[in-house]
Amino acid sequence: MNDLTQGSIPKHLITMAVPVMIGMLIQTLYFLVDLYFVGQLGDSALAGLSLAGNAMFLIFALTQILNVGTMALISHAVGRKDNADANAIFNQSMMLASLCALVVMVIGYLGAPFYLMTLTSDPQTLAAGLDYLYWFLPGMALQFPLVAVSAALRGTGIVKPTMLVQTLSIIINIILSPILIAGWGSGVAMGVAGAGLASSISVVAAVVMLCVYFVRTEKFISLLWPLWRFNKQIVKRLLAIGLPAGGEFFLMFAYMALIYWLIQGFGADAQAGFGLGSRIMQSLFLPAMAIAFAAPAVAGQNFGAQHFDRVRDTFFWSSVLTCSLMAVLTLVCFSIPAGLVQGFSGDAQVIAVAATFLSIICLNFIPSGIVFTCSGMFQALGNTLPGLYSTAARISLFTVVAIGLTSQGEFTLAQVWYVSAGSVIFQALISYVLLKRQFKQHLPRTLSETASTLSAH
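Per the numbering used here: the sequence shown = residues 259 to 715.
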(Lines of atoms letter the chains of each structure in order from A; the text may use other names.)
(Lines give C-alpha, C1' and ligand atoms only; values in the text may rest on other atoms or scores of the structure.)
Protein backbone atom coordinates (compact mmCIF):
# COMPACT_ATOMS: atom_id res chain seq x y z
CA MET A 259 0.00 0.00 0.00
CA ASN A 260 1.22 3.50 -0.84
CA ASP A 261 0.02 6.29 1.49
CA LEU A 262 -0.86 9.34 -0.64
CA THR A 263 -2.22 11.45 2.22
CA GLN A 264 1.21 12.87 3.06
CA GLY A 265 3.93 14.56 1.02
CA SER A 266 3.96 16.63 -2.16
CA ILE A 267 0.86 16.28 -4.33
CA PRO A 268 2.63 17.13 -7.63
CA LYS A 269 5.24 14.52 -6.76
CA HIS A 270 2.56 11.91 -6.05
CA LEU A 271 0.79 12.71 -9.33
CA ILE A 272 3.96 12.44 -11.38
CA THR A 273 5.23 9.37 -9.51
CA MET A 274 1.99 7.51 -10.16
CA ALA A 275 1.49 8.90 -13.66
CA VAL A 276 4.93 7.98 -15.04
CA PRO A 277 4.47 4.19 -14.77
CA VAL A 278 0.93 4.53 -16.14
CA MET A 279 2.21 6.66 -19.02
CA ILE A 280 5.00 4.21 -19.83
CA GLY A 281 2.50 1.38 -19.94
CA MET A 282 0.17 3.43 -22.11
CA LEU A 283 2.95 4.44 -24.48
CA ILE A 284 3.98 0.84 -24.89
CA GLN A 285 0.34 -0.04 -25.48
CA THR A 286 0.31 2.67 -28.14
CA LEU A 287 3.07 0.82 -29.96
CA TYR A 288 0.77 -2.19 -30.09
CA PHE A 289 -1.98 -0.11 -31.71
CA LEU A 290 0.48 1.40 -34.16
CA VAL A 291 1.93 -2.00 -35.07
CA ASP A 292 -1.58 -3.32 -35.78
CA LEU A 293 -2.40 -0.21 -37.80
CA TYR A 294 0.79 -0.52 -39.82
CA PHE A 295 0.49 -4.18 -40.78
CA VAL A 296 -3.28 -4.16 -41.28
CA GLY A 297 -2.94 -0.94 -43.29
CA GLN A 298 -0.77 -2.80 -45.78
CA LEU A 299 -3.71 -5.12 -46.48
CA GLY A 300 -5.81 -2.31 -47.99
CA ASP A 301 -8.46 0.25 -47.09
CA SER A 302 -11.21 -2.31 -46.42
CA ALA A 303 -9.01 -4.19 -43.94
CA LEU A 304 -8.08 -0.95 -42.15
CA ALA A 305 -11.71 0.18 -42.09
CA GLY A 306 -12.80 -3.22 -40.77
CA LEU A 307 -10.20 -3.06 -37.99
CA SER A 308 -11.38 0.45 -37.10
CA LEU A 309 -15.06 -0.49 -37.01
CA ALA A 310 -14.43 -3.62 -34.94
CA GLY A 311 -12.00 -1.74 -32.72
CA ASN A 312 -14.77 0.72 -31.88
CA ALA A 313 -16.45 -2.16 -30.02
CA MET A 314 -13.68 -1.72 -27.45
CA PHE A 315 -15.44 1.47 -26.34
CA LEU A 316 -18.38 -0.72 -25.34
CA ILE A 317 -16.01 -2.99 -23.40
CA PHE A 318 -14.38 0.09 -21.86
CA ALA A 319 -17.84 1.23 -20.78
CA LEU A 320 -18.50 -2.04 -18.98
CA THR A 321 -15.01 -2.39 -17.49
CA GLN A 322 -15.12 1.25 -16.41
CA ILE A 323 -17.99 0.38 -14.09
CA LEU A 324 -15.68 -1.97 -12.19
CA ASN A 325 -12.59 0.17 -12.68
CA VAL A 326 -13.96 3.41 -11.27
CA GLY A 327 -16.15 1.87 -8.59
CA THR A 328 -13.42 -0.44 -7.30
CA MET A 329 -10.66 2.19 -7.37
CA ALA A 330 -12.77 4.91 -5.69
CA LEU A 331 -14.16 2.74 -2.88
CA ILE A 332 -10.84 1.03 -2.13
CA SER A 333 -8.98 4.37 -2.11
CA HIS A 334 -11.54 5.68 0.41
CA ALA A 335 -11.10 2.53 2.51
CA VAL A 336 -7.32 2.89 2.40
CA GLY A 337 -7.65 6.52 3.53
CA ARG A 338 -9.76 5.29 6.49
CA LYS A 339 -7.37 2.35 7.08
CA ASP A 340 -10.39 0.00 6.76
CA ASN A 341 -8.92 -3.34 5.61
CA ALA A 342 -12.16 -5.34 5.95
CA ASP A 343 -14.15 -3.01 3.69
CA ALA A 344 -11.36 -2.94 1.10
CA ASN A 345 -11.30 -6.75 0.92
CA ALA A 346 -15.07 -7.02 0.64
CA ILE A 347 -15.12 -4.47 -2.19
CA PHE A 348 -12.29 -6.17 -4.09
CA ASN A 349 -13.80 -9.66 -3.94
CA GLN A 350 -17.25 -8.45 -5.00
CA SER A 351 -15.56 -6.67 -7.90
CA MET A 352 -13.83 -9.89 -8.97
CA MET A 353 -17.12 -11.80 -8.77
CA LEU A 354 -18.80 -9.25 -11.04
CA ALA A 355 -15.80 -9.28 -13.40
CA SER A 356 -16.10 -13.03 -13.88
CA LEU A 357 -19.82 -12.81 -14.67
CA CYS A 358 -19.29 -9.94 -17.14
CA ALA A 359 -16.55 -11.86 -18.95
CA LEU A 360 -18.92 -14.77 -19.57
CA VAL A 361 -21.73 -12.51 -20.78
CA VAL A 362 -19.44 -10.64 -23.19
CA MET A 363 -18.29 -13.87 -24.82
CA VAL A 364 -21.84 -15.05 -25.45
CA ILE A 365 -23.30 -11.75 -26.64
CA GLY A 366 -20.18 -10.87 -28.63
CA TYR A 367 -20.22 -13.95 -30.84
CA LEU A 368 -23.99 -13.73 -31.37
CA GLY A 369 -24.21 -9.97 -31.97
CA ALA A 370 -21.03 -9.12 -33.92
CA PRO A 371 -22.56 -9.47 -37.43
CA PHE A 372 -25.54 -7.23 -36.59
CA TYR A 373 -23.30 -4.56 -35.04
CA LEU A 374 -20.98 -4.34 -38.05
CA MET A 375 -23.76 -4.47 -40.65
CA THR A 376 -25.29 -1.31 -39.16
CA LEU A 377 -22.04 0.61 -39.70
CA THR A 378 -20.89 -0.46 -43.17
CA SER A 379 -22.37 -1.59 -46.44
CA ASP A 380 -19.01 -2.71 -47.85
CA PRO A 381 -18.79 -6.56 -47.83
CA GLN A 382 -14.98 -6.58 -47.58
CA THR A 383 -15.00 -4.19 -44.63
CA LEU A 384 -17.68 -6.30 -42.94
CA ALA A 385 -15.68 -9.52 -43.45
CA ALA A 386 -12.49 -7.94 -42.09
CA GLY A 387 -14.30 -6.59 -39.04
CA LEU A 388 -15.82 -9.98 -38.24
CA ASP A 389 -12.46 -11.71 -38.60
CA TYR A 390 -10.94 -9.33 -36.08
CA LEU A 391 -13.79 -9.43 -33.57
CA TYR A 392 -14.15 -13.23 -33.54
CA TRP A 393 -10.47 -13.67 -32.62
CA PHE A 394 -10.31 -10.72 -30.21
CA LEU A 395 -13.45 -11.50 -28.17
CA PRO A 396 -11.58 -13.73 -25.66
CA GLY A 397 -9.20 -10.84 -25.02
CA MET A 398 -12.13 -8.47 -24.59
CA ALA A 399 -13.74 -10.77 -22.04
CA LEU A 400 -10.54 -11.08 -20.02
CA GLN A 401 -10.33 -7.30 -19.72
CA PHE A 402 -12.81 -7.53 -16.83
CA PRO A 403 -10.69 -9.47 -14.31
CA LEU A 404 -7.60 -7.60 -15.51
CA VAL A 405 -9.25 -4.24 -14.83
CA ALA A 406 -10.64 -5.34 -11.45
CA VAL A 407 -7.20 -6.31 -10.14
CA SER A 408 -5.52 -3.23 -11.64
CA ALA A 409 -8.14 -0.88 -10.15
CA ALA A 410 -7.76 -2.46 -6.71
CA LEU A 411 -3.99 -1.98 -6.81
CA ARG A 412 -4.37 1.60 -8.04
CA GLY A 413 -6.77 2.32 -5.18
CA THR A 414 -4.04 1.28 -2.75
CA GLY A 415 -1.57 3.57 -4.52
CA ILE A 416 0.30 0.81 -6.38
CA VAL A 417 0.81 1.22 -10.13
CA LYS A 418 4.30 -0.06 -11.01
CA PRO A 419 3.46 -3.81 -11.09
CA THR A 420 0.47 -3.14 -13.32
CA MET A 421 2.68 -1.08 -15.64
CA LEU A 422 5.28 -3.86 -15.80
CA VAL A 423 2.64 -6.47 -16.60
CA GLN A 424 1.16 -4.24 -19.31
CA THR A 425 4.62 -3.68 -20.74
CA LEU A 426 5.40 -7.39 -20.98
CA SER A 427 1.95 -8.09 -22.41
CA ILE A 428 2.30 -5.44 -25.11
CA ILE A 429 5.77 -6.68 -26.01
CA ILE A 430 4.22 -10.11 -26.57
CA ASN A 431 1.54 -8.49 -28.75
CA ILE A 432 4.08 -6.50 -30.76
CA ILE A 433 6.11 -9.66 -31.40
CA LEU A 434 3.08 -11.73 -32.38
CA SER A 435 1.37 -9.14 -34.61
CA PRO A 436 3.71 -9.31 -37.63
CA ILE A 437 3.98 -13.09 -37.23
CA LEU A 438 0.24 -13.66 -37.23
CA ILE A 439 -0.90 -10.78 -39.47
CA ALA A 440 1.79 -10.89 -42.17
CA GLY A 441 3.12 -14.42 -41.64
CA TRP A 442 6.66 -13.42 -40.70
CA GLY A 443 8.65 -16.59 -40.06
CA SER A 444 5.65 -18.91 -40.17
CA GLY A 445 4.60 -18.26 -43.77
CA VAL A 446 0.95 -18.35 -42.63
CA ALA A 447 -0.60 -14.88 -42.87
CA MET A 448 -3.89 -14.62 -40.96
CA GLY A 449 -4.48 -10.99 -41.95
CA VAL A 450 -6.88 -9.01 -39.76
CA ALA A 451 -7.73 -12.18 -37.79
CA GLY A 452 -4.07 -12.36 -36.77
CA ALA A 453 -4.34 -8.93 -35.14
CA GLY A 454 -7.26 -10.15 -33.04
CA LEU A 455 -5.51 -13.38 -32.04
CA ALA A 456 -2.30 -11.57 -31.09
CA SER A 457 -4.30 -9.23 -28.86
CA SER A 458 -6.12 -12.09 -27.15
CA ILE A 459 -2.91 -13.99 -26.44
CA SER A 460 -1.31 -10.88 -24.93
CA VAL A 461 -4.30 -10.26 -22.65
CA VAL A 462 -4.20 -13.88 -21.43
CA ALA A 463 -0.52 -13.38 -20.58
CA ALA A 464 -1.30 -10.14 -18.72
CA VAL A 465 -4.03 -11.75 -16.62
CA VAL A 466 -1.79 -14.66 -15.63
CA MET A 467 1.16 -12.40 -14.72
CA LEU A 468 -0.90 -9.90 -12.73
CA CYS A 469 -2.74 -12.63 -10.80
CA VAL A 470 0.55 -14.33 -9.91
CA TYR A 471 1.96 -11.02 -8.63
CA PHE A 472 -1.20 -10.23 -6.69
CA VAL A 473 -1.43 -13.59 -4.94
CA ARG A 474 2.26 -13.64 -4.00
CA THR A 475 2.80 -9.99 -3.02
CA GLU A 476 -0.31 -7.96 -2.15
CA LYS A 477 -1.03 -7.88 1.61
CA PHE A 478 -3.67 -5.20 2.20
CA ILE A 479 -6.27 -6.91 -0.02
CA SER A 480 -6.50 -10.53 -1.14
CA LEU A 481 -8.71 -13.06 -2.91
CA LEU A 482 -11.08 -14.60 -0.36
CA TRP A 483 -13.58 -16.98 -1.93
CA PRO A 484 -16.22 -16.69 0.87
CA LEU A 485 -16.43 -12.97 0.05
CA TRP A 486 -17.51 -13.81 -3.53
CA ARG A 487 -21.04 -14.51 -2.25
CA PHE A 488 -23.29 -11.80 -3.67
CA ASN A 489 -23.39 -8.80 -1.32
CA LYS A 490 -26.20 -6.46 -2.31
CA GLN A 491 -24.96 -3.45 -0.35
CA ILE A 492 -21.42 -3.53 -1.72
CA VAL A 493 -22.60 -4.15 -5.26
CA LYS A 494 -24.93 -1.14 -4.94
CA ARG A 495 -21.98 0.98 -3.78
CA LEU A 496 -19.84 -0.19 -6.70
CA LEU A 497 -22.58 0.43 -9.23
CA ALA A 498 -23.55 3.81 -7.78
CA ILE A 499 -20.06 5.11 -8.62
CA GLY A 500 -19.25 2.88 -11.57
CA LEU A 501 -22.43 2.96 -13.65
CA PRO A 502 -22.31 6.69 -14.48
CA ALA A 503 -18.62 6.37 -15.41
CA GLY A 504 -19.42 3.36 -17.56
CA GLY A 505 -22.26 5.36 -19.08
CA GLU A 506 -19.72 7.96 -20.20
CA PHE A 507 -17.81 5.34 -22.19
CA PHE A 508 -21.01 3.85 -23.56
CA LEU A 509 -21.94 7.28 -24.88
CA MET A 510 -18.47 7.51 -26.46
CA PHE A 511 -19.10 4.14 -28.11
CA ALA A 512 -22.40 5.48 -29.46
CA TYR A 513 -20.69 8.70 -30.54
CA MET A 514 -17.98 6.87 -32.51
CA ALA A 515 -20.57 4.55 -34.06
CA LEU A 516 -22.64 7.59 -35.05
CA ILE A 517 -19.66 9.13 -36.84
CA TYR A 518 -18.96 5.90 -38.74
CA TRP A 519 -22.64 5.82 -39.72
CA LEU A 520 -22.66 9.48 -40.77
CA ILE A 521 -19.60 9.16 -43.01
CA GLN A 522 -20.24 5.75 -44.54
CA GLY A 523 -21.54 7.48 -47.67
CA PHE A 524 -18.04 8.88 -48.26
CA GLY A 525 -16.68 5.34 -48.72
CA ALA A 526 -14.28 2.94 -47.02
CA ASP A 527 -11.34 5.32 -47.38
CA ALA A 528 -13.17 7.97 -45.30
CA GLN A 529 -13.97 5.45 -42.56
CA ALA A 530 -10.39 4.16 -42.66
CA GLY A 531 -9.02 7.72 -42.47
CA PHE A 532 -11.22 8.58 -39.50
CA GLY A 533 -10.27 5.33 -37.77
CA LEU A 534 -6.56 6.03 -38.34
CA GLY A 535 -6.82 9.65 -37.22
CA SER A 536 -8.79 8.80 -34.09
CA ARG A 537 -6.30 6.09 -33.11
CA ILE A 538 -3.42 8.56 -33.50
CA MET A 539 -5.35 11.13 -31.45
CA GLN A 540 -5.98 8.61 -28.68
CA SER A 541 -2.29 7.75 -28.69
CA LEU A 542 -1.33 11.41 -28.33
CA PHE A 543 -3.72 11.77 -25.38
CA LEU A 544 -1.92 9.14 -23.33
CA PRO A 545 0.49 11.35 -21.32
CA ALA A 546 -2.35 13.66 -20.27
CA MET A 547 -4.62 10.70 -19.53
CA ALA A 548 -1.90 9.20 -17.32
CA ILE A 549 -2.06 12.30 -15.10
CA ALA A 550 -5.86 12.13 -15.08
CA PHE A 551 -5.72 8.43 -14.13
CA ALA A 552 -3.35 9.18 -11.24
CA ALA A 553 -5.50 11.98 -9.80
CA PRO A 554 -8.45 9.85 -8.53
CA ALA A 555 -6.20 7.67 -6.34
CA VAL A 556 -4.38 10.68 -4.88
CA ALA A 557 -7.55 12.72 -4.33
CA GLY A 558 -9.56 9.66 -3.27
CA GLN A 559 -7.23 8.68 -0.44
CA ASN A 560 -7.12 12.27 0.80
CA PHE A 561 -10.91 12.51 0.58
CA GLY A 562 -11.22 9.32 2.64
CA ALA A 563 -8.76 10.77 5.18
CA GLN A 564 -10.75 14.07 5.17
CA HIS A 565 -7.76 16.11 3.95
CA PHE A 566 -10.00 18.30 1.84
CA ASP A 567 -7.42 21.00 1.12
CA ARG A 568 -5.24 18.33 -0.53
CA VAL A 569 -8.20 17.24 -2.67
CA ARG A 570 -8.48 20.78 -4.04
CA ASP A 571 -4.71 20.94 -4.57
CA THR A 572 -4.86 17.67 -6.50
CA PHE A 573 -7.37 19.21 -8.90
CA PHE A 574 -5.22 22.31 -9.38
CA TRP A 575 -1.99 20.43 -10.13
CA SER A 576 -3.71 17.82 -12.27
CA SER A 577 -5.29 20.60 -14.36
CA VAL A 578 -1.99 22.44 -14.80
CA LEU A 579 -0.06 19.32 -15.83
CA THR A 580 -2.78 17.92 -18.10
CA CYS A 581 -3.58 21.13 -19.94
CA SER A 582 0.10 21.97 -20.41
CA LEU A 583 0.65 18.64 -22.15
CA MET A 584 -2.46 19.15 -24.27
CA ALA A 585 -1.25 22.61 -25.37
CA VAL A 586 1.97 21.09 -26.71
CA LEU A 587 0.05 18.35 -28.54
CA THR A 588 -2.27 20.96 -30.09
CA LEU A 589 0.71 22.72 -31.66
CA VAL A 590 2.10 19.41 -32.96
CA CYS A 591 -1.16 18.33 -34.60
CA PHE A 592 -1.84 21.75 -36.07
CA SER A 593 1.70 22.01 -37.50
CA ILE A 594 2.40 18.53 -38.90
CA PRO A 595 -0.86 16.52 -39.10
CA ALA A 596 0.19 14.60 -42.23
CA GLY A 597 3.52 13.66 -40.70
CA LEU A 598 1.75 11.88 -37.85
CA VAL A 599 -0.25 9.55 -40.12
CA GLN A 600 2.05 8.87 -43.07
CA GLY A 601 3.33 5.32 -43.23
CA PHE A 602 0.16 3.71 -41.93
CA SER A 603 -1.55 3.58 -45.31
CA GLY A 604 -0.51 3.72 -48.95
CA ASP A 605 -3.76 5.43 -49.97
CA ALA A 606 -3.39 9.20 -50.38
CA GLN A 607 -7.09 9.76 -49.68
CA VAL A 608 -6.93 7.88 -46.37
CA ILE A 609 -3.91 9.95 -45.34
CA ALA A 610 -5.67 13.18 -46.38
CA VAL A 611 -8.79 12.35 -44.34
CA ALA A 612 -6.73 11.44 -41.25
CA ALA A 613 -4.54 14.54 -41.51
CA THR A 614 -7.52 16.87 -41.93
CA PHE A 615 -9.21 15.23 -38.96
CA LEU A 616 -6.17 15.84 -36.72
CA SER A 617 -5.66 19.43 -37.86
CA ILE A 618 -9.23 20.31 -36.89
CA ILE A 619 -9.87 18.06 -33.90
CA CYS A 620 -6.77 19.40 -32.12
CA LEU A 621 -8.89 22.46 -31.28
CA ASN A 622 -10.48 20.36 -28.52
CA PHE A 623 -7.24 19.05 -26.94
CA ILE A 624 -6.99 21.57 -24.10
CA PRO A 625 -10.75 21.32 -23.35
CA SER A 626 -10.31 17.53 -23.36
CA GLY A 627 -7.63 17.94 -20.69
CA ILE A 628 -10.13 19.81 -18.53
CA VAL A 629 -12.73 17.07 -19.11
CA PHE A 630 -10.21 14.33 -18.15
CA THR A 631 -9.24 16.17 -14.97
CA CYS A 632 -12.82 16.86 -13.89
CA SER A 633 -13.78 13.25 -14.60
CA GLY A 634 -10.95 12.04 -12.37
CA MET A 635 -12.08 14.31 -9.55
CA PHE A 636 -15.69 13.11 -9.85
CA GLN A 637 -14.34 9.58 -9.36
CA ALA A 638 -12.30 10.65 -6.33
CA LEU A 639 -15.35 12.22 -4.70
CA GLY A 640 -17.37 9.06 -5.30
CA ASN A 641 -20.00 10.78 -7.47
CA THR A 642 -19.58 10.14 -11.19
CA LEU A 643 -23.03 11.29 -12.28
CA PRO A 644 -21.81 14.82 -13.18
CA GLY A 645 -19.32 13.29 -15.62
CA LEU A 646 -22.13 11.34 -17.25
CA TYR A 647 -24.26 14.48 -17.49
CA SER A 648 -21.51 16.47 -19.22
CA THR A 649 -20.81 13.66 -21.67
CA ALA A 650 -24.50 13.25 -22.44
CA ALA A 651 -24.79 17.00 -23.09
CA ARG A 652 -21.84 16.86 -25.47
CA ILE A 653 -23.13 13.84 -27.40
CA SER A 654 -26.62 15.33 -27.61
CA LEU A 655 -25.29 18.59 -29.02
CA PHE A 656 -23.10 16.77 -31.54
CA THR A 657 -25.93 14.45 -32.63
CA VAL A 658 -28.46 17.22 -33.22
CA VAL A 659 -26.05 19.46 -35.15
CA ALA A 660 -24.33 16.68 -37.14
CA ILE A 661 -27.56 15.03 -38.26
CA GLY A 662 -28.91 18.46 -39.16
CA LEU A 663 -25.88 19.02 -41.39
CA THR A 664 -26.49 15.77 -43.27
CA SER A 665 -29.68 17.26 -44.67
CA GLN A 666 -27.65 19.93 -46.44
CA GLY A 667 -26.60 19.35 -50.01
CA GLU A 668 -22.93 20.20 -49.39
CA PHE A 669 -22.32 18.08 -46.29
CA THR A 670 -18.56 17.52 -45.79
CA LEU A 671 -16.29 15.54 -43.49
CA ALA A 672 -14.67 18.74 -42.20
CA GLN A 673 -18.03 19.87 -40.87
CA VAL A 674 -18.26 16.72 -38.76
CA TRP A 675 -14.81 17.36 -37.29
CA TYR A 676 -15.59 21.00 -36.44
CA VAL A 677 -18.86 20.06 -34.75
CA SER A 678 -17.05 17.37 -32.76
CA ALA A 679 -14.39 19.84 -31.58
CA GLY A 680 -17.01 22.40 -30.60
CA SER A 681 -18.99 19.84 -28.62
CA VAL A 682 -15.93 19.02 -26.48
CA ILE A 683 -15.43 22.71 -25.66
CA PHE A 684 -19.06 22.78 -24.56
CA GLN A 685 -18.50 19.68 -22.41
CA ALA A 686 -15.44 21.17 -20.73
CA LEU A 687 -17.44 24.20 -19.58
CA ILE A 688 -20.20 22.01 -18.17
CA SER A 689 -17.74 19.66 -16.41
CA TYR A 690 -15.96 22.56 -14.71
CA VAL A 691 -19.19 24.13 -13.47
CA LEU A 692 -20.43 20.77 -12.14
CA LEU A 693 -17.12 20.08 -10.39
CA LYS A 694 -17.18 23.43 -8.62
CA ARG A 695 -20.66 22.53 -7.38
CA GLN A 696 -19.42 19.13 -6.15
CA PHE A 697 -16.58 20.79 -4.27
CA LYS A 698 -19.07 23.01 -2.45
CA GLN A 699 -21.22 20.01 -1.52
CA HIS A 700 -18.55 17.46 -0.56
CA LEU A 701 -15.56 19.47 0.66
CA PRO A 702 -16.26 21.34 3.91
CA ARG A 703 -14.77 24.78 4.27
CA THR A 704 -11.46 25.24 6.08
CA LEU A 705 -11.52 26.61 9.65
CA SER A 706 -10.38 30.03 8.48
CA GLU A 707 -13.15 30.21 5.89
CA THR A 708 -15.74 29.08 8.43
CA ALA A 709 -14.54 31.65 10.99
CA SER A 710 -14.73 34.49 8.47
CA THR A 711 -18.26 33.42 7.50
CA LEU A 712 -19.40 33.31 11.14
CA SER A 713 -17.87 36.72 11.90
CA ALA A 714 -19.73 38.18 8.93
CA HIS A 715 -22.98 37.11 10.57
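Derived from the structure by calculation, the hints contain no laboratory data. Don't take each hint at face value.
As the list claims (entries may be wrong) - Only pairs whose alpha carbons sit at most 35 Å apart, straight line, appear in this in silico DSBU-like list of lysine-lysine:
{"id": "1", "residue 1": "Lys-698", "residue 2": "Lys-269"}
{"id": "2", "residue 1": "Lys-269", "residue 2": "Lys-694"}
{"id": "3", "residue 1": "Lys-694", "residue 2": "Lys-339"}
{"id": "4", "residue 1": "Lys-418", "residue 2": "Lys-694"}
{"id": "5", "residue 1": "Lys-339", "residue 2": "Lys-477"}
{"id": "6", "residue 1": "Lys-494", "residue 2": "Lys-339"}
{"id": "7", "residue 1": "Lys-494", "residue 2": "Lys-694"}
{"id": "8", "residue 1": "Lys-698", "residue 2": "Lys-339"}
{"id": "9", "residue 1": "Lys-490", "residue 2": "Lys-477"}
{"id": "10", "residue 1": "Lys-490", "residue 2": "Lys-694"}
{"id": "11", "residue 1": "Lys-477", "residue 2": "Lys-269"}
{"id": "12", "residue 1": "Lys-698", "residue 2": "Lys-490"}
{"id": "13", "residue 1": "Lys-494", "residue 2": "Lys-418"}
{"id": "14", "residue 1": "Lys-490", "residue 2": "Lys-418"}
{"id": "15", "residue 1": "Lys-418", "residue 2": "Lys-269"}
{"id": "16", "residue 1": "Lys-269", "residue 2": "Lys-339"}
{"id": "17", "residue 1": "Lys-339", "residue 2": "Lys-418"}
{"id": "18", "residue 1": "Lys-490", "residue 2": "Lys-339"}
{"id": "19", "residue 1": "Lys-477", "residue 2": "Lys-494"}
{"id": "20", "residue 1": "Lys-490", "residue 2": "Lys-269"}
{"id": "21", "residue 1": "Lys-494", "residue 2": "Lys-698"}
{"id": "22", "residue 1": "Lys-477", "residue 2": "Lys-418"}
What the hints assert, rightly or not - Restraint ranges, calculated between C-beta atoms of paired labels, are given here:
{"id": "23", "residue 1": "Gln-607", "residue 2": "Lys-698", "range": "45 to 53 Å"}
{"id": "24", "residue 1": "Leu-481", "residue 2": "Phe-372", "range": "34 to 42 Å"}
{"id": "25", "residue 1": "Val-466", "residue 2": "Trp-486", "range": "17 to 25 Å"}
{"id": "26", "residue 1": "Val-466", "residue 2": "Gln-666", "range": "51 to 59 Å"}
{"id": "27", "residue 1": "Ser-444", "residue 2": "Leu-687", "range": "34 to 42 Å"}
{"id": "28", "residue 1": "Ser-480", "residue 2": "Thr-670", "range": "55 to 63 Å"}
{"id": "29", "residue 1": "Leu-701", "residue 2": "Ala-447", "range": "36 to 44 Å"}
{"id": "30", "residue 1": "Ser-444", "residue 2": "Leu-422", "range": "27 to 35 Å"}
{"id": "31", "residue 1": "Gly-443", "residue 2": "Trp-486", "range": "37 to 45 Å"}
{"id": "32", "residue 1": "Gly-369", "residue 2": "Leu-422", "range": "57 to 65 Å"}
{"id": "33", "residue 1": "Leu-426", "residue 2": "Gly-369", "range": "29 to 37 Å"}
{"id": "34", "residue 1": "Ala-596", "residue 2": "Trp-442", "range": "36 to 44 Å"}
{"id": "35", "residue 1": "Phe-697", "residue 2": "Ala-512", "range": "28 to 36 Å"}
Beta carbons: idealized from backbone N, C-alpha and C, even for Gly.
| message | Check the hint pairing Lys-269 with Lys-694 against an upper bound of 35 Å on the C-alpha distance. | response | holds (24 Å)
| said: Next pair to validate is Lys-490 with Lys-477; report whether the Cα-Cα distance is within 35 Å. | reply: holds (26 Å)
| request: With a cut-off of 35 Å on the C-alpha distance, tell me whether Lys-269 and Lys-339 pass. | output: holds (22 Å)
| field | Cβ separation of Leu-426 and Gly-369, checked against the hinted range 29 to 37 Å | value | holds (32 Å)
| Between Ser-444 and Leu-687, does the C-beta distance stay in 34 to 42 Å? | Violated, at about 53 Å.
| message | Given a hint of 17 to 25 Å, does the C-beta separation of Val-466 and Trp-486 actually sit inside it? | response | Hint holds: Cβ distance 20 Å, inside 17 to 25 Å.
| query | Is the hinted pair Lys-477 and Lys-269 satisfied, with a Cα-Cα distance of at most 35 Å? | reply | holds (25 Å)
| query | For the pair Val-466 and Gln-666, does the Cβ-Cβ distance stay inside 51 to 59 Å? | reply | holds (53 Å)
| task | Measure nothing beyond the straight line between the CA atoms of Lys-698 and Lys-490; if it is 35 Å or shorter, mark the hint as holding. | result | Satisfied, since the Cα-Cα distance of roughly 30 Å is no more than 35 Å.
| said: Just to be careful, I want the Cα atoms of Lys-490 and Lys-694 compared with a cutoff of 35 Å; is the pair within it? | reply: Holds, because 32 Å separates the two Cα atoms, which is no more than 35 Å.
| request: Mind checking the alpha carbons of Lys-698 and Lys-339 for me, to see if they're no more than 35 Å apart? | output: holds (26 Å)
| query | Is 28 to 36 Å a correct range for the gap between the Cβ atoms of Phe-697 and Ala-512? | reply | holds (30 Å)
Violated hints for the displayed structure, listed by number in ascending order: 20, 27, 29, 32 and 34.
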